[in-house]
Amino acid sequence: MDTLVPWLTGAFEWATSSAFTFSVIVAILAVVGFVSIWAMFAVWLERKASADFQVRIGPNRVGGRFGLLQTLADGLKLAFKEDLIPGAADKLLFALAPAVAFCGAFAAFAALPFSPAISAVDLNLGVFFIVAVSAIGVIGVLMAGWSSNNKWSLYGAMREAAQLISYEIPSALALMVPILVTGSLNLKEIVAFQCLPSDGTLDKEGLFYWSNSGWLAFYSPWTFVAFVIYYVASLAECKRAPFDLPEAESELVSGFHTEYSGMRFSFFFLEEYAMMFVVSAIAALVFLGGWQPLPFVSLNLPTSGFLGFGANLFYAGVFLAKAVFLVWVQIWVRWTVPRMRVDQVMVMGYKYLIPVSLVALLMMALYEHWDVRYLPGLF
Amino acid sequence: MADAMTSNAASAPAKTLLLPGDPRPPDLHVDVRTQELQINMGPQHPSTHGVLRVAIWVDGEIVTRAEPDIGYLHRCAEKIGESVSCIQYVPYTDRYDYLAAMNNNLGYCLAVEKVAEVEVPEKAQYVRTVAVELNRIASHLMAVGTYGLDLGAFTPFFYAFREREEILRLLEWICGARLTYNFIRIGGVMRDMPAGWAADVRKFLDVFEERLDEFNDLLTHNHIFVGRTANVGVIPPDMAIRYGLTGPNLRGSGLRYDLRREQPYLLYDRFQFDVPVGTGLKGQVGDCWDRYWVRVLEMRECVRIIRQALDQMPATGEIMAKNVRHLAFKSKPGEGYFGIENPRGELGYYLISDGGANSYRSRIRAPSFCSLSILESMLPGTMLADAVAIIGSIDIVLGEVDR
Amino acid sequence: MTAAEALEQLRKDGQGDGVELFAGPKDAALLVRRERVKAVLRHLRDARAFGCDLLVMVTGTHLTEKKDAKGVLVRAAGFEVIWHLRSVTQHHLLAVKCRLPIDDPRVDSVADLWPAADWHERETWDLVGITFTGHPNLRRILLPEGWEGHPLRKDYVYPKEFGGINLEVDAPWPTP
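Residue numbers (this note's numbering), protein chains in the order written: chain A, 1 to 379; chain B, 1 to 403; chain C, 1 to 176.
Excised from the complex, chain A in its bound form (with noise of 0.2 Å):
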């Protein structure tokens, strides 16, 4: 967008205001494009993965061989399902708890980068947006929990609000690292800094060069124990096994959606596979360097002009091949292993994943203090 009203109004003289509505509106169709054509390869992964995993086949007829359509047939049929509102239900909480589930992951990738120029906002707060428009989701699944009037679905809301406050901290405790390091709060800014040159000119020539910092995983110890605890706490967030308790279907028979069919099932659906992207998303950007393709050596290709718009695609398919590979990862720990229980999960976020992210925190103050990236005395 930040490029898009620019653009607009040099090239095409356009005003200002309508290149900015024009844009704005370019935005949130690109979003929403983006959040259901993800959904939709992102449960065709899941299933296809999980078919491996198996010993099965998975979907394989519609859509040529390998079911790639498959998501898009269950989808038609959800939404020419009756929309069932249990008769005890609170109606209008019912009927509005999906959508503020949705809101909270699609907001979140309003301020997702995707390269140096494709994406939707520039927000300074990137890291803070996100993290905070994410906790949203769970709002909605309180509601739904509460408004359906079954004890089971209050059971699986009840879960999901401790346990998802519960690992809020360490999540944003992780995060906290790299922001240490980086000294802000922009996605993008945090992406550059993972490709600064390593002889700290501004403007440097050449194709590939050694980068000063390299992944902010491999930056220091801390940071790679940062990256750890994010990823576990960013499980938890998105309900995903070992930490899938407010769904837990042998439990909880599915626990807050239990009530919920055609449609509005369809947007918790939804929800779930748009919060693995954003949280896939940030550890690829924080973490893994973003659109950077190797660790330690940054590749510098010209993103202006024509090429520049060949170069950011390029980028933007790296930065999508990282957050897929994270989502995969996701999808691999939830059909390998069992259900944690409820007070583990609580011992494992307050017992050892928020004290080991102090500490980390901590350490990293204080190696950036000391100015050493591995050991003291080391460097």
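Mixed in with the good hints there might be a few duds.
One side only, chain B facing chain C, incomplete, derived with CB under 8 Å [stated by the list, open to error]:
1. Arg242
2. Gln263
3. Ile352
4. Arg363
The following residues of chain C were derived to be distant from chain B, with all beta-carbon distances above 12 Å [stated by the list, open to error]:
5. Ala4
6. Glu8
7. Arg36
8. Ala47
9. Lys70
10. Val72
11. Arg106
12. Gly134
13. Lys160
14. Gly163
15. Asn166
Worth flagging that the hints you see were computed from the coordinates, not collected in a lab. Beta carbons: idealized from backbone N, C-alpha and C, even for Gly.
Since the structure of chain A is provided, determine the placement of chains B and C on it from the hints.
Just chains B and C, lined up with the frame of chain A:
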């Protein structure tokens, strides 16, 4: 939502909330008002393994009281046993413990043979052993697979089902059915093994032993799985006996008691096999993990038994007793109890015959029925998720509980 | 341990009062008088010589009157309750029987000796209609609450309807 919460008579009378200005209680402890919630687990619930309903009273995540409610699948099997002839009743026995139908056939046939004094030829006994032990593996695979499912591990279930599918294929080959076999008949078996069947069984056993290791890597020693099952639902041996637990549930508590050993039927005294018991490898003796582990170990013993049975089996021989005239089978008057080691415990048939074609009374001692009665005293004090783990670990089949 | 040996041991222990040997063609059993049932079962459980710690099952049977071809009474009408006991340590199986009169099927509950007996006695009451006095919670277990009669009695007649559901076999299907 308030109407959905049922207050329990046992819970403390509700205290009025403190208002600002009220005198504080001396210990400065402000009670949060909590309410017990009664929830219905079942009859339609993913982890009650059928149509079991457990009414659970919970305080937060802690179960305070549990009351199993059974009978949703009741078909009055014992009445059917009185109104059809002994021969006709064999297929009905398939339907009680449908995961171990071969064992149910066997239990009934042995009881009838005991009362009616029928001598079964040796070859038929070997074929029965192989079929029954294969079925035991299939049943245990189902038990451990669905146990993983109860704890949220989806993938091991499919690995267990892959092996079970092989067994079902073998059993289908020998008798034409995948679940309700009706293969073991009074006086022998339905037919001899087809050519090539024994070789296929051996091939399967070789593959199966390797895949069992794979399964153990995936589920048994998984850290989360152990965390969910070790020290959960501990049944001390004396409690197990008092509640009439048998089979893997009793052995999980550390008691080496197996009817195939203690009271050998068929030809079990000719085979060498171990009786695995729970040893508290990961937690206390008699916890959910021990019961699960006993089942896994038993599958290996089944493999040993089948191998020996195939080795010792005579190449040719009668497969049906001479003195059983199936169309007009009449038992001698008398009564008898025969208990066999079903995958779920001691399956016993108690028959009274007054000389007719039908038995006068046919009582079934269903192992799941006895195991299930322990729930009421085990669940209180555990967490809701543990309740699922405990129900799964005692491995019930509702067709048998309700009969 | 056979039933005959058990009876001998019982007599030796001074518990043989009211216990006889029931020698069926196959399985022998101890036939115990109704008043003595609980004491004998308790002794079988606790005495070291028996050690019958596992209650396998409780069975109730409705016996109808039976006469042979000459009109001699072979079997009197009544009820029979059978307890099968196993010893986990000594590996034997004992059956204990008790005959109850047809008009008063009532026997002491052993649910306090073996918790396992709880459900078995409920089932026997549910299906055969034998009352176990002293049972903490004697109500239907397999059949729904409010069902009439006990199906395993030989004179049981199937109900025509239950809770508004027509149970007659050839009843027409309800039209919507």
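Here is how each hint holds up against the structure:
no.: 1; hint: Arg242; in the structure: holds, 5 Å
no.: 2; hint: Gln263; in the structure: holds, 7 Å
no.: 3; hint: Ile352; in the structure: holds, 6 Å
no.: 4; hint: Arg363; in the structure: holds, 4 Å
no.: 5; hint: Ala4; in the structure: holds, 17 Å
no.: 6; hint: Glu8; in the structure: holds, 22 Å
no.: 7; hint: Arg36; in the structure: holds, 22 Å
no.: 8; hint: Ala47; in the structure: holds, 16 Å
no.: 9; hint: Lys70; in the structure: holds, 16 Å
no.: 10; hint: Val72; in the structure: holds, 15 Å
no.: 11; hint: Arg106; in the structure: holds, 20 Å
no.: 12; hint: Gly134; in the structure: holds, 17 Å
no.: 13; hint: Lys160; in the structure: holds, 17 Å
no.: 14; hint: Gly163; in the structure: holds, 14 Å
no.: 15; hint: Asn166; in the structure: holds, 18 Å
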